[in-house]
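Colleague: Sequence:
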Amino acid sequence: MARSGKGLPPVHLWNPDFCGDIDMRIARDGTWFYLGTPIGRKPMVRLFSTIIRRDGDDYFLITPVEKVGIKVDDAPFVGAEHPLRIDLDPQTQEPAPYIHVRNNLEALIHRNVFYQLVDLAVVREIDGQSWLGVWSGGEFFPIGLEP
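Numbering of the sequence shown is given in my numbering, commencing with residue 1 and proceeding in unit increments.
Just so you know, the hints here were simulated from the structure itself, not pulled from any lab data.
Here the structure is a predicted model, which means the values were calculated and not measured.
Virtual Cβ for every residue (Gly too), placed ideally from N, Cα, C.
The reader is advised that the hints may include incorrect statements.
Derived DEER-like restraints, expressed as beta-carbon distance ranges [stated by the list, open to error]:
(1) V123 <-> P64: 47 to 57 Å
(2) P10 <-> Y115: 31 to 41 Å
(3) D89 <-> D58: 18 to 28 Å
(4) M44 <-> N104: 21 to 31 Å
(5) G36 <-> E125: 44 to 54 Å
(6) L88 <-> D58: 16 to 26 Å
(7) P64 <-> Y115: 38 to 48 Å
Assemble the whole structure, with the sequences as input and the hints as a guide.
Modeller: Below, the structure written as structure tokens:
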């Protein structure tokens with residue numbers, strides 16, 4: 001995401017006028033679309049990923065002079081090495097694993113990577129309940145209650 005030799009742009013400091021929504025979408029698997037077509041140029045996707053910002057529940061591409069809304073199906077990034085959080089769908093109990101990327105942005109962990117995490121899971125008792133989870137950086141991240 002970061003450009004070689006440079007840090008990320010300070011999008012958290014920029015407050016340009018809102019210019020409207022554009023037909024850009026980030027799919028659940030991390031694919032970026034423009035006008036319904038996948039963006040095939042990786043450098044373009046990399047550039048866009050450096051200027052995304054989340055305000056409340058909405059996502060924007062932001063520069064010092066303009067701010068445009070985009071649609072994000074779930075999380076704007078898939079995978080990275082940051083803290084892990086698991087949400088359970090209240091109806092299906094399906095886990096949705098996320099990692100913190102930066103500022104107010106999270107990445108959805110790809111399903112196959114999540115399955116690899118589950119393979120590494122161990123049981124730990126927390127408050128009298130047996131939880132499956134993984135250890136990372138000396139911290140236990142619960143995935144779910146032991147079945």
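Colleague: Each hint: holds or not?
Modeller: Taking the hints in turn, this is what the structure says about them:
For V123 paired with P64, a C-beta distance near 50 Å keeps the hint of 47 to 57 Å intact. For P10 and Y115, the hinted distance range of 31 to 41 Å is satisfied, since their beta carbons lie about 37 Å from each other. Range check, D89 to D58: Cβ separation about 22 Å, and the 18 to 28 Å hint holds. Checking the proposed 21 to 31 Å range against M44 and N104 shows it holds: the Cβ atoms sit about 23 Å from each other.
G36 and E125 have their C-beta atoms about 49 Å apart, which keeps the hinted 44 to 54 Å range intact. Checked against the hint of 16 to 26 Å, the C-beta distance between L88 and D58 comes to roughly 24 Å, which is consistent with it. Between P64 and Y115, the C-beta spacing of about 42 Å keeps the proposed range 38 to 48 Å intact.
Comparing the model with each earlier hint shows no violations; every hint is respected.
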